[in-house]
Amino acid sequence: MNKYRVKAFGITKDLLGGRETFIETQGQTVADLRAALHSRFPELSGLRSLFIAVNNDYADDEILLKPSDEIALIPPVSGG
Amino acid sequence: MNKYRVKAFGITKDLLGGRETFIETQGQTVADLRAALHSRFPELSGLRSLFIAVNNDYADDEILLKPSDEIALIPPVSGG
Amino acid sequence: MIKITEKSIDVQKIIDTVSSLSAGAVNVFVGTVRNKANGKNVLWLEYEAYETMAVSQIRKIIEEASHRWPLLGWAVSHRIGTLKPGETSVVVAVSTPHRKDSFEACQFIIDSVKTMAPIWKKEVFEDGEEWVSARPEIEMRA
Amino acid sequence: MIKITEKSIDVQKIIDTVSSLSAGAVNVFVGTVRNKANGKNVLWLEYEAYETMAVSQIRKIIEEASHRWPLLGWAVSHRIGTLKPGETSVVVAVSTPHRKDSFEACQFIIDSVKTMAPIWKKEVFEDGEEWVSARPEIEMRA
Chain A
1 MNKYRVKAFG ITKDLLGGRE TFIETQGQTV ADLRAALHSR FPELSGLRSL FIAVNNDYAD
61 DEILLKPSDE IALIPPVSGG
Chain B
1 MNKYRVKAFG ITKDLLGGRE TFIETQGQTV ADLRAALHSR FPELSGLRSL FIAVNNDYAD
61 DEILLKPSDE IALIPPVSGG
Chain C
1 MIKITEKSID VQKIIDTVSS LSAGAVNVFV GTVRNKANGK NVLWLEYEAY ETMAVSQIRK
61 IIEEASHRWP LLGWAVSHRI GTLKPGETSV VVAVSTPHRK DSFEACQFII DSVKTMAPIW
121 KKEVFEDGEE WVSARPEIEM RA
Chain D
1 MIKITEKSID VQKIIDTVSS LSAGAVNVFV GTVRNKANGK NVLWLEYEAY ETMAVSQIRK
61 IIEEASHRWP LLGWAVSHRI GTLKPGETSV VVAVSTPHRK DSFEACQFII DSVKTMAPIW
121 KKEVFEDGEE WVSARPEIEM RA
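As you go down the protein sequences, you meet chains A, B, C and D in turn. The first sequence lines up with residues 1 to 80 when you count with my numbering. The second sequence lines up with residues 1 to 80 when you count with my numbering. The third sequence lines up with residues 1 to 142 when you count with my numbering. The fourth sequence lines up with residues 1 to 142 when you count with my numbering.
None of these hints come from the bench; they were simulated from the model. Since the structure is predicted, the reported quantities are computational estimates derived from the model, not experimental observations. One thing to keep in mind: the hints can contain errors.
What the hints assert, rightly or not - PhoX-like cross-link-like pairs, simulated, lysine-lysine; straight-line CA separation at most 25 Å: (1) D:K60 <-> D:K3; (2) A:K13 <-> C:K13; (3) D:K7 <-> B:K13; (4) C:K7 <-> C:K84; (5) D:K60 <-> B:K7; (6) C:K36 <-> C:K84; (7) D:K36 <-> C:K100; (8) D:K114 <-> D:K3; (9) A:K7 <-> C:K3; (10) C:K60 <-> D:K100; (11) C:K114 <-> A:K13; (12) D:K100 <-> B:K13; (13) D:K84 <-> D:K7; (14) A:K13 <-> A:K3; (15) C:K3 <-> A:K13; (16) C:K60 <-> A:K66.
As the list claims (entries may be wrong) - Where chain C lies over chain D, by a calculated footprint (3+ residues, C-beta under 8 Å): (17) 101 to 108; (18) 123 to 133.
Note that the Cβ used here is the ideal one computed from N, Cα and C, for glycine as well.
One chain only, chain A, in its complex shape (with noise of 0.2 Å):
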C-alpha cells in the first residue's frame, strides 16, 4: 500500500473533515489517489469539478505520485 498526505481545500476542507488527510492507494497514479478518495468520500462526486495538484501543479490522471509529492484536492475554483 501506498500512503499519501492530501491537502483539502475550499468545499473538499468541509468534505474530508479537515485541512490534510492520508489516504491509502495500491496504485502509484493520480487516477488511483482518485479512485481511492472518491470511494472513501462518496460525497466528491457531487462536485462540480475536482482537480488534483501535485507540487503546486495541476496534474493529470496518469501522473505518478512519490511519497515526497505536495498533493492538493482542487476543488472549483472561485477566486476574484
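We have chain A already, so just place chains B, C and D on it with the hints.
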C-alpha cells in the same frame, strides 16, 4: 456682412494669433465661415483636420450661424 | 508583484508599482464584494487560498501575458480571509506603452486568475453558507 | 463625475466615487505622460481644453455608454496645464455588476474621449515643441 466671434484652441490659437478672433463673412453658414477663415489664415489648410463647433457641439457645414452662437475652431484633438 | 494577503489592498500603491516613465497606459481591474448573490443578502465572504500554488499559477499567467503583450509593469493582489460587501477582493494592474494592450492584458490576467488560481470563496447569508460554484445545482439556481 | 482640472488626479478617490455595493467590478484606465515621443525626450506636456464643450462631449459619451452597458458608477477626470513625464493626464473609471462589461465600457469611454473631447496637448522637447497630431507630417514621422 456678418461678424462672428470665433474661439481658437491648440494649434489654431497659434495660427490665428490669439484665443479669439472676429471673422466677417457674406454668408451665414458654417461653410461660409470656414471659407472666410481659410482665406484670411491660409495656414489652416495645413492641419490634418479642422472642425467647427457651435454651442459646444460639432457643427456640419450647412448649419446656419446666429451672432449669439458660441463658435470655436477644433483642430485635431489629442487628449488622453 | 504577486500578493495573497489578509490585509486590505491599497490600489494607489499598486498603480504606483506598475507605473513607468515609458508607459502611457495603466489598466486596473478592481473586484469588490457584492451585497447580493442569487438574490440573497450577503453578510460576508470567506476567501481561502492554496497560497504557494496560487502564487505559482499567477506567475505562469503573468509569463503568458508577457509573451502576448508588451507589459512594462504588472501586479496581482488577492485578498483572503473575511470580506464584507464593498471591500476589494482582488486588484490586477498592468502598464503598457499603448492603451489597447493595457485593456487586453489586464482582462486576460483577471480572467485567467479566476479560472486557474486555487482560491475559493464561501458566501455567508443570514440562513446559511455556500462555497461558490462548488456544486452543479448552484449553477442552475443562478 | 466629469472633471477637467489643473490639479493632480487622485485615483483612489475616483475609485471610491464609482464603487457601489451592487457592483462586483471596477475598471480603471490611467493615462500617464511618457518620457519619449517619436524617439525624442519629452521635457513636459501642455494640455489645453475647451472646457464647456469637453464636459458636454464627455457627458454624451457617458450617456451612450450607459445605453450599451449596465454602468453603476462612472468618472472621467482629465488634467490640463503643464504635466511632466510620469504624471497622470486622464483617469476613466466605471463600475458594473460583472467584469467583462467594466472592461468594455471603460475602453469605449477612453477611446471616445480621445477622439471626441476637445482637448489638446503640446509636446515640449529640448529643441522645440509640437501640437500632437495637428499636422499630417507628424503622423508619418511616428
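For each hint, the structure was consulted:
1. D:K60 <-> D:K3: Holds - the C-alpha atoms of D:K3 and D:K60 are around 14 Å apart, at most 25 Å.
2. A:K13 <-> C:K13: Violated, at roughly 34 Å.
3. D:K7 <-> B:K13: 23 Å, holds
4. C:K7 <-> C:K84: 13 Å, holds
5. D:K60 <-> B:K7: 22 Å, holds
6. C:K36 <-> C:K84: 11 Å, holds
7. D:K36 <-> C:K100: 19 Å, holds
8. D:K114 <-> D:K3: 15 Å, holds
9. A:K7 <-> C:K3: OK: A:K7 and C:K3 at ~21 Å, within 25 Å.
10. C:K60 <-> D:K100: 22 Å, holds
11. C:K114 <-> A:K13: 20 Å, holds
12. D:K100 <-> B:K13: Between D:K100 and B:K13 the Cα gap is close to 41 Å, so the pair fails against 25 Å, i.e. violated.
13. D:K84 <-> D:K7: Roughly 13 Å separates the two Cα atoms, so the pair holds.
14. A:K13 <-> A:K3: 19 Å, holds
15. C:K3 <-> A:K13: 23 Å, holds
16. C:K60 <-> A:K66: Cα-Cα ~24 Å, so holds.
17. 101 to 108: holds (count 4)
18. 123 to 133: violated (count 0)
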